[in-house]
Amino acid sequence: MRLKRKDILSIEELSKDEIELILSTAESFKEVSERDIKKVPTLRGRTIINLFYEASTRTRTSFEIAAKRMSADAINISTSSSSVVKGETLKDTAKNLEAMNPDCIVLRHPSSGAPEILAKYVKCSVINAGDGSHEHPSQALLDMLTVKERFGKIEGLNITIVGDIAHSRVARSNIYGFTKLGAKVTVVGPPTMMPSGIENIGCSVSNRIEDAISNADVIMMLRIQLERHEVPLFPTIREYSRLFGLDSKKLETAKKDVVILHPGPINRGVEISPEIADGPYSLILDQVKNGVAVRMALFYLLLGGSRE
Amino acid sequence: MNRLLIRGGRVIDPINDRDGLFDIYVIGEKIAAVKPVKGFEGSRGQGVKGGKLEPSNPGTLEPFIEDDWTVIDAAGLLVCPGFIDMHTHLREPGYEYKETIKTGTMAAAAGGFTSIACMANTEPVNDNASVTRYILKKAQEEGIVNVCSVGAVSKGLKGETLAEIGELREAGCVAISDDGRPVMNSGLMRLAMEYAKQFNILVISHCEDTGLSSEGAMNEGFVATKLGLKGIPSASEAIMVARDIFLAELTGARLHIAHVSTKGAVELIRVAKKRGVNVTAEITPHHFTLTDEAVIGYNTNAKMNPPLRTGQDIEALKQGLKDGTIDVIATDHAPQDSVSKDIEFDRAANGIVGLETALPLCLKIVAENVISLSELVKRLSSNPARLLGLDSKGSLKVGDDADIAIFDIDREWAVDSKKLKSKSKNTPFDTWKMKGKVVKTIVGGKVVWSEPTVSA
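Those protein sequence lines, which keep their order, are chains D and P. Residue numbers for the first sequence follow my numbering, so the first one is 4 and each next one is one higher. Residue numbers for the second sequence follow my numbering, so the first one is 1459 and each next one is one higher.
Everything hinted at is true.
Quick list of in silico lysine to any residue cross-link-like pairs, SDA-like style, CA-CA up to 25 Å:
| hint | chain 1 | residue 1 | chain 2 | residue 2 |
| --- | --- | --- | --- | --- |
| 1 | D | K126 | P | I1754 |
| 2 | P | K1881 | D | Y124 |
| 3 | P | K1876 | D | Y124 |
| 4 | D | K123 | D | D106 |
| 5 | D | K19 | P | I1754 |
| 6 | D | K123 | P | T1749 |
| 7 | D | K98 | P | D1800 |
| 8 | D | K187 | P | F1680 |
| 9 | P | K1883 | D | D95 |
| 10 | P | K1721 | D | M197 |
| 11 | P | K1883 | D | E91 |
| 12 | D | K123 | P | N1757 |
Which stretches of chain D does chain P cover? Using the computed rule of at least three CB atoms under 8 Å from a CB of chain P, they are:
| hint | region |
| --- | --- |
| 13 | 92-99 |
| 14 | 133-139 |
| 15 | 191-202 |
Output of the computed footprint for chain D on chain P, the stretches with three or more beta carbons under 8 Å from beta carbons of chain D:
| hint | region |
| --- | --- |
| 16 | 1679-1687 |
| 17 | 1792-1805 |
Calculated from the structure, these hints are not laboratory results. Predicted model only: the values in this text are computed from it and were never measured. Beta carbons: idealized from backbone N, C-alpha and C, even for Gly.
All chains should be modelled from the sequences, with the hints used to inform the complete structure.
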């Protein structure tokens, strides 16, 4: 099986079947990372460029490891966004990279829509590794994989996403992904962090974390991205943490088998208290582990080659 | 002397209450005579039956016509006073790589515009008489159509202190505006209006509360949420429209609201007009044609300020045209080079070119019965002429300037951005099928644009 598309730009554009194919492929790749020799020859001779215009440790490393475990040649380019302003346009960068004949470009970019622009200019595959406040499809896929592993299914689950929904690409991708697979998604945050018309994507909206915890199977806490706020969207971190931070007291009303996700990096003590982040409900490190498998699956399904 | 006869066309000249088959005689730069086509005498509606035009009468030629008259056969065509665009960015001086006075006026001619008013956000800013004189001199030398200059409200468009409005007026500015940037300081806007009043010069306001719109890249709403782009709420326009209406009331200045895009703003202007406030308003063809959904796919040619709004706003703009709340259709022709547009959406420059696509988009709403042809000609020609104080324009009576647009209301064509006369190609209407095309544009009695005859 292959994905019948050149690029992975968003979860919005993926069908339920495509998402399920990616998740089941990822499940089968998890085993590779458990081996002594963590490498399969599947993508030998393929070139993957990780083009990151924003700081990233987890996502970039995860894509790089995924590429290498598939035997592809991975090249990392990190450019700070300030040099983008002065430097060549994305179109020129795209054409230059294209001239070196890569098979796939993984793009992280501060501007929403940048991967879509890049994909128009290059013949190779493009994977969106997070664009502005738009989408972060591989993150949502690894979140779905993590939830699916724990509950054996996604359909019928209640997913609560808490934080700065307006600026969160993780939230958008997860709303699309989980609702496509039949879960019910509720987003929670102060009205200043709630983008206009978000409910039309197919989720419910709440301004009280307490209300959205009691029936949640999954609580996903988003990082407060102070760097994306021109002016603070809440009075103080202390107040935000009191109203929307997840601690053991707020978790008292939760279901016994609730799980906590966080895309990282965590602001300990802000959106999530340390005892929760490190506690038994937390699947945060499973997410990271699954990230590699999901990205291996994406490379495989886009770049093909027969699996042995 | 130049002698031109435009024969047998349907003349729409609302100021002079004409809509019928007339021959127009031009001598030199002026209209010399307007005579009903034989058999269609009478002042109104003659020769137009059921919306269809009767063929022109071959016996029209007057005996005094001799060989030295150039004859344009306008049978089956519409003839009206040339369009006047109150809102154009010609980019010269300073941004000649986007547009020049020459290319911008060529685009104007191709779109049927015989006069255009160019905004002050050039480099240097048109905030003093020497820049105005430079623009007008350059326009005299290289311009294809008439160019009027709009001076700045504030020095350097900075919104801090007044520009030399008196001298700008003397040098020939027909209005003042900080267009592109709102005058955020209400005290300064009050001063500008008070000061402008003594010269009876029009104050054109770009209404936007930057505290609300800051960093916004498109209309705030579901589409922006889906695309992950920062939105500009419609309140950012309405709030400033309300402020400027109250300031116009306070000062008695002539206020003109540029590129109205929201329902809220239309409603405020309607109420203000009823109250007798000296306020007028314009809308652009793109704002009444496209919604924010045009941005989907991160199409930077759908990025402009104010942004494309919603279907509800479009309905309100059309209603405003219908009931007279909106006085003028202007293009906000804003050429941008490809480097400014062919980039990430949030980094891309605002604006689209509009001169060459305005007429067919306007004719679409005529076809939808939003307004009549005669009301359209008012919005495109006679109203802007009156607002800018261009007394001998926007009208085709004897002695007026022979600035004339001749167009074929039925001609179908497809927009090809590469073929636009404008130096920049940033249009969201590329490949659109259009109906209605300017076939001749006449400025001061001279034909400055002729549509190449179609072979197909």
